[in-house]
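Quick mapping for you: the protein sequence lines, in order, are chains A and B.
Here the first sequence is numbered in my numbering, starting from 390 and rising by one per residue.
Here the second sequence is numbered in my numbering, starting from 4 and rising by one per residue.
Don't read these hints as lab results, they were simulated from the structure.
Among these hints, one or two may not hold up.
[To be verified] Covered stretches of chain A, as calculated for chain B (at least 3 residues, CB under 8 Å):
id	segment
1	476 to 490
2	495 to 508
3	531 to 540
4	559 to 573
5	585 to 594
[Claimed, not checked] Listed below are several chain A residues computed to face chain B (Cβ distance under 7 Å; list not exhaustive):
id	residue
6	422
7	424
8	428
9	434
10	438
11	439
12	440
13	527
14	554
15	556
16	607
17	641
18	644
19	658
20	678
21	680
Here the structure is a predicted model, which means the values were calculated and not measured.
We put the beta carbon where it would ideally sit given N, CA and C, even for glycine.
Listed here are the chains, written in short residue letters.
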Amino acid sequence: MTVLTTQQRRSAPPAAPAPGARRRPWASRGHLIAAAMLTLAFVSPIYLTIVNAFKSQSQILGNPVAPPAPPTMANLTDALARPDRIVQIGLANSAVTVIASLLLIVPLGAAFSFWLTGRSARLRRIVLAVFGAGLMIPPAVVLLPTIRILTFLHLDHSYPGLVLANVGGGYLSFAVFVYSGFLRAVPTEIVEAASMDGAGSLRIWWKIVMPLLRPATATVTIFLSLWIWNDFMNPQFILGPLKGQTITTGLYQSLGQYSTNYAQLFGVMFLAAVIPVAGYLALQKQFIAGLTSGATK
Amino acid sequence: MTTRARRRRGDPALGAIAAVALGLYALFIIVPVIMSAWKSFTDENPLMAQAKFVGLANYREMTHDSTLAASLGFTLALAAGVTVVANAAGIGFAVLLNKTSLSFRMMRTVAFLPQVLSGVIVGFVWRYIMAEDGILNHLLTGLGIISRPISWLGTPDLAMFSVGVVAAWVLTGFTTVVHLAALQSIPLEMYQAARVDGAGRWQQFRHITFRMLAPGTTISVTISLITMLKLYDIIAALTGGGPAFATQSTALYIINLAFTDDRFGYASAVAMLLLVVSAVIALSVTSLLRRREVDL
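Only chain A is shown next, with the shape it has when bound in the complex (with noise of 0.2 Å):
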């Protein structure tokens, strides 16, 4: 219990006022006016993707930067109602490929992780180090060779085959490396105890260290759903053309077909965009705890 307390109040800071605090209000007020209009003028892509997708092409072609007056949901139905159905299959296999991955990583990055705490520094070292190369290896680089071993297992041009390159690839290292930090800072008593009490290392895994590492798990589950989500170049290829596609390749080949119907562009564009948003902008507190842990480790 008391482990849990220090965890949190670590992962907690006191939010430090910024240099400078107490400065003349006009002062903070222009500080206020500078971020805001630097920070619109970052997002205003977004805010572009935002509105015309609620507008007609005349709307667009007019004015592309004005709010939609009225708004037109036709896009969106237009999309929804392609006969191809490429929005709503490409949805499902890209959530189907996510949850599909995530059972996998979470498990086998866990308990590789737990597993690597018992063995000697130095091989910790290794194994971490080999890992860490799979996070910088560029994926153009194995993607050759991965068709042709899942080709070997009969498994190119399928899903099943798509999630075991997942599993394997980078995404593997990641969740190793998560773990493998938050690991450092369980203490060793409480397996011994357990162990001690003759529960065998899988017990203590899930039963013990697992609900320990659940910040880690939300971590990893956050970063990993949105970049599976968003990738595009093994979808692209493992999967090939002909066999369904996620949503980031069906986006792809239908934007080739809409290269000047920019209603029905941004439209695709929307119902493709709006779950990972929707789950950063839930989670965003998360999301960013995890991002700023893993990067001060």
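Model the placement of chain B on the given structure of chain A, informed by the hints.
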């Protein structure tokens, strides 16, 4: 520690799961790298029945492949330029947004949004903005800054610059958040002491903020470089590598060699080159920045 290690080594169940994890990693990272290395010495081509061992022929070809030189030059320039710009912008943005009131917290949330979008969406949104009849040109001609539309994506030099702008836009979301986190760890007393000593705001930034940000900057710069060296999706959607292959990154060149030209052997050799270049850059920059953290 030793009892724990011995006990766990004796228990096969956890070891079996660990073996599966290690096996999958080996199968999809280690084996492919070894296969790429091996294929780089062959003339493998899916249209031919049998690949032959060709020794160093692929590597010799690389030395006089001007397309490769151009793609590598573009990739390295992009990685260097975008890393500098995105991290400078990230530090500036982080300092500007480093307040805890609700409006600033909302701005921070929003500043990360470009990172949440897929590279394909980012590429297409900017393709629309930067098109010859796009918003950027309308805006600039409307303000009287330019007299006629500029072909941002249609002329080779400008297209390379445009890809850099878009990539820097995405990465700035990330560098801002990392530097914001690092800012929180700077003790306020340092600023108070500096003010007592009469340091101005620029001096406070240079001698305290910038130095104390160093660990965050190390992470942020390393990840920026790695991301840029593998960049594929944004370019595929924004320019497709054009015009005239001006924005073809090395990752894009490898994909085109393999899937358009069917030259698996040569694509593998270029892949090996990209791997070595990425490793050398990532490792040397990280150790350089780590040393800087100590020196500062």
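Against the structure, the hints:
Coverage of a stretch by a chain is defined here by at least three residues with a beta carbon nearer than 8 Å to that chain's beta carbons; for the segment 476 to 490 of chain A and chain B the count is 0, and the condition is violated. Residue count for the segment 495 to 508 of chain A with a Cβ under 8 Å from a Cβ of chain B: 10. That meets the three needed, and the coverage hint holds. Here the segment 531 to 540 of chain A counts 7 residues with a CB under 8 Å from a CB of chain B, which clears the bar of 3, and the coverage holds. Coverage of a stretch by a chain is defined here by at least three residues with a beta carbon nearer than 8 Å to that chain's beta carbons; for the segment 559 to 573 of chain A and chain B the count is 4, and the condition holds.
With 4 residues having a beta carbon nearer than 8 Å to a beta carbon of chain B, the segment 585 to 594 of chain A meets the requirement of three or more and the stated coverage holds. Annotation: residue 422 of chain A was flagged as interfacial toward chain B, and the flag is violated, the nearest CB pair being 11 Å apart, outside 7 Å. Interface restraint check for residue 424 of chain A: the shortest CB-CB distance to chain B comes to about 5 Å, inside 7 Å, so the restraint holds. The restraint placing residue 428 of chain A at the interface with chain B holds, with a minimum CB-CB distance near 4 Å, inside the 7 Å limit.
Given hint, residue 434 of chain A at the interface with chain B, holds; its Cβ is 5 Å from that chain's nearest Cβ, closer than 7 Å. Given hint, residue 438 of chain A at the interface with chain B, holds; its Cβ is 5 Å from that chain's nearest Cβ, closer than 7 Å. The beta carbon of residue 439 of chain A comes no nearer than 10 Å to any beta carbon in chain B, farther than 7 Å, and the hint placing it at the interface is violated. Interface hint status for residue 440 of chain A: violated, as the beta-carbon distance to the closest one in chain B is roughly 12 Å, over 7 Å.
Checking residue 527 of chain A against chain B by beta carbon gives a least distance of about 4 Å; that is within 7 Å, so the hint holds. Hint on residue 554 of chain A holds. Least Cβ distance to chain B is approximately 6 Å, under the 7 Å limit. Annotation: interface hint on residue 556 of chain A holds; nearest CB of chain B at approximately 6 Å, less than 7 Å. Interface hint at residue 607 of chain A: violated, since its Cβ lies 17 Å from the closest Cβ of chain B, which is beyond the 7 Å cut-off.
Among the interface hints, the one on residue 641 of chain A holds; its C-beta lies about 5 Å from the nearest C-beta in chain B, closer than the 7 Å criterion. With a least beta-carbon distance of about 5 Å to chain B, the hint placing residue 644 of chain A at the interface is held under the 7 Å criterion. A hinted interface residue such as residue 658 of chain A counts as satisfied when its beta carbon comes closer than 7 Å to some beta carbon of chain B; here the least separation is about 5 Å, so the hint holds. Among the interface hints, the one on residue 678 of chain A is violated; its C-beta lies about 9 Å from the nearest C-beta in chain B, farther than the 7 Å criterion.
The closest approach between the C-beta of residue 680 of chain A and any C-beta of chain B is roughly 6 Å, which is under the 7 Å cut-off, so the hint is satisfied.
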